[in-house]
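Chemist: Here is what each chain is made of, one letter per residue.
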Amino acid sequence: MQDKNIIQVRNLSKNFGHLEVLKDISIDFKEKEVVSIIGPSGGGKSTFLRCLNLLEKPTSGSILFDGTDLCAKGVDINKQRERIGMVFQHFNLFNNMNVMRNLTVAPVKIKKMEKEEAEAKAMDLLKRLGLEDKADYYPSQLSGGQKQRIAIMRSLMMDPDVMLFDEPTSALDPEMIGEVLDVMKQLAKSGMTMIIVTHEMRFAREVSSRVLFLDGGKVDEDATAKEFFTHPKSPRLISFLDKVL
Amino acid sequence: MSFFEQILALLVRYYPYFLDGVKNTLIISALSVVLGLFSGTLMAVMRMGRIKPLKWIAVAYIEFIRGTPLMVQLMFIFYGLPMIGITFPDVSFIPNFSRFMAGVVAMSMNSCAYIAEVIRSGIQAVDVGQMEAARSIGFKSGESMRLVILPQAVKNILPALGNEFVTVIKESSIVSVIGISDLMYGTNGVIAITYRSLPALAIAAIMYFIMTFIGSRLIAILEKRMNHAR
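So the sequences go chain by chain: A and B.
Just so we're aligned, residue 1 is where the first sequence starts under the working numbering, counting upward by one.
Just so we're aligned, residue 1 is where the second sequence starts under the working numbering, counting upward by one.
Any given hint might turn out to be false.
Said to hold, decoys possible - No more than 20 Å apart at the CA atoms, straight line, and that leaves these computed lysine to aspartate or glutamate pairs for EDC-like:
#1 A:Lys79 to B:Glu143
#2 B:Lys140 to A:Asp69
#3 A:Lys218 to A:Glu167
Unchecked claim - Just so you have them, the derived chain B footprint on chain A, three or more residues with Cβ under 8 Å:
#4 67-81
#5 101-111
Rather than coming from a laboratory, the hints here were simulated on the basis of the structure.
By construction, the Cβ of each residue, glycine as well, lies at the ideal position given by its N, Cα and C atoms.
Only chain B is shown next, with the shape it has when bound in the complex (with noise of 0.2 Å):
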């Protein structure tokens, strides 16, 4: 059998382990980006601010997430949290629910310090005369950051956001290793029981390119578009 009929005979077979994992991997990335765009909202905030504790405790945040390796993080999260007493409840309808919270909560902690440079970066590259022009003529600082920043910083921030997504969707393949059926844990599934590893890691790595492939491509899409709206 050639390569490419060992691809097929794996996928007829064996698809829907795929597919179950693409569908997790799409779930879990997704959740994460939005939590990670709430808390990195508010850590970008902290970050900024003028209240000195708050920026400390932002930036220790980042930079120490920044530093260390995501896969020490969720083994903190999912091993070294329940030493010191804090688990994440089983819900019943939901199978693994606990095992799939660490994973998103250790996916979100990290997507937040990122996203909060993204944010942080976004809206510090907005000329500050923009800020002056506004203070000057009578804007309160909110109303200046409401109506004439964030609306620039915004055309900073999202095409930086989309490549975070891109991003997420790649590492969270590391959760695998915690035992949540994303699609790497298919994928070992299906070598397990087929012992074809070359094939099935091909697949694999297929179904990630089309999945982040699609994801940059709407990014770029809609760059052009804003572009145009100036």
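Extracted from the complex, chain A is given alone in its bound form (with noise of 0.2 Å):
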């Protein structure tokens, strides 16, 4: 594949005060990749995904989003989010919408979509769900796993042009994480570009491209999704790896 790299991530390092989170990190992601990140908590995984659309501000280094410096200054970072997916740990659905609300209200006032428009195209993603009926619940009528899928659903109203996860099935009861896998694997057969924070081994495994092992704010591995469980190389992601499988 001869992809351009959508996100180049250079020397990137945050600190919460005196702790420093992630330590002069540099990564390229391309186009159409799925690339998982894995590593211990506080290894600064779910910050480094904050950084790549600036809920966190990086204390240094740049984020070029399609060759765009989305810390310099002068950037209209809100237009930058339009493309940029994001998918929480706890959905964050807007619990004063209904789940047709949460899916339009960004196309109709942001890309100036009619209204008419974003509620087929909100329809037609909730029919390939098996959710149309759901279409005027509130959030809190909604199971995690109906939310989380609703809560992807929103993103890709915007055709963003990547995805963000941020452990997108940690906050979910364990019979409702196969539905929400399912519609993350569907997505990444579909081409999106996808950067996924996660704990499922199994899915990274099976859907990613590619796999980092993110630990003590440093990319400690960087391997293909094969390569990385058959053959990992850093010590501490061997001892990780012992632990989780």
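Quick one: dock chain against chain with the hints and give me the complex.
Modeler: Below you can see the structure in the form of structure tokens.
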């Protein structure tokens, strides 16, 4: 594949007070890549992901998204964020809106899409999930699995170039994890560029093209999924995999 | 004459004093809460905003007002300000307008601080994830506030605002000391005429209670409605 780099991270560091969470990370993500990030808690996985759309402001370094430095002065971050979907551990559907409005509010208000067009598109996505009867429901009336699948659709409504997933299944009951992972698998197959922070080793192995091991604020291993799990090189990763597999 | 008969007799003879007092108490309370709401919203915005000096002013104001007695604040406005040359204008067609204004200003400045805190805590009680989701989908900070955060915050704010109104009704009795003819002032008038303080105070207490009770019932109904509407 000769796909271009969609995200280029250069010398990214992030401190919270005196705590160094990310230490001088440089890494590239190509278009259509599905990259899983695994590692121990507190290793900086979530912080790294949240830096990619500037939910966390890097202490130093730069994030180039499709050639644009997100940290540069004068860059309209809102404009860039439209193209970067984000899925959260706790879903974060808008609690004051029903499912249909959750899906359509951003395309209508930001992209100036016609309301009818947006609703037709949303209905189409809901049908694919088998959730078309939930269009009028509020988030509080849905199960965790339903919320997370709708949260993924909310991001897709903006036709993003990249999707970021921050532990998308960690807050789910075990029997609901499968339905969310299935949606993500389909998304990966459709050619979406995805960066996923996850604890689901099997999913990472099956779906990712590449896996990163983030520990102590550094990328300790960066390999294809197969290589990563069958021939891990970093001693820390070997002991980590011993514990979790 | 039994106590109950004394109350009845006072009511029959002096009810205009009490009713006039109730009317003025309600006017002062309503004005104070409305003015307090506007200034309190502004104060909350200043407090939560990014402009440091405005933030300090807001924090200092809120802490100072909440940490000093309303009585002192009222005296300061009514007696203190004229001494440095600030007076409220008299309006010919409203009797005692300057006195009345001093009371309303003191009450609303006081209410402002409490309402600012009500609004701030109502907004901050909304899960941070809501703001993060709105921002990461591409909404600007103001849009996120308007579309996502405020509609959720209102549900936290309205009931507390109702409680503030009830509190203001009770606290407003203090303006009688600067001669505003509220319910407490009317009651004192009746006592001065009749020397029957116990029944007169009982009437005042019951009237205050009716006002606050109706107020808190209305809030409860409102709260219930909002929970249904989600």
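Chemist: Within the assertion that chain B covers the region 101-111 of chain A, do at least three residues meet a Cβ-to-Cβ distance smaller than 8 Å?
Modeler: Result for this restraint: holds, n = 4.
Chemist: Are there three or more residues in the region 67-81 of chain A whose C-beta lies closer than 8 Å to some C-beta of chain B?
Modeler: holds (count 3)
Chemist: Is Lys218 of chain A close enough to Glu167 of chain A, meaning Cα to Cα at most 20 Å?
Modeler: holds (19 Å)
Chemist: Lys140 of chain B and Asp69 of chain A were given as a pair; does the straight-line alpha-carbon distance stay at or below 20 Å?
Modeler: This hinted pair holds, its Cα atoms lying about 19 Å apart.
Chemist: Taking 20 Å as the top limit, are the C-alpha atoms of Lys79 of chain A and Glu143 of chain B close enough?
Modeler: Given pair Lys79 of chain A, Glu143 of chain B holds - Cα atoms ~14 Å apart, limit 20 Å.
Consistency note: the structure conflicts with none of the earlier hints.
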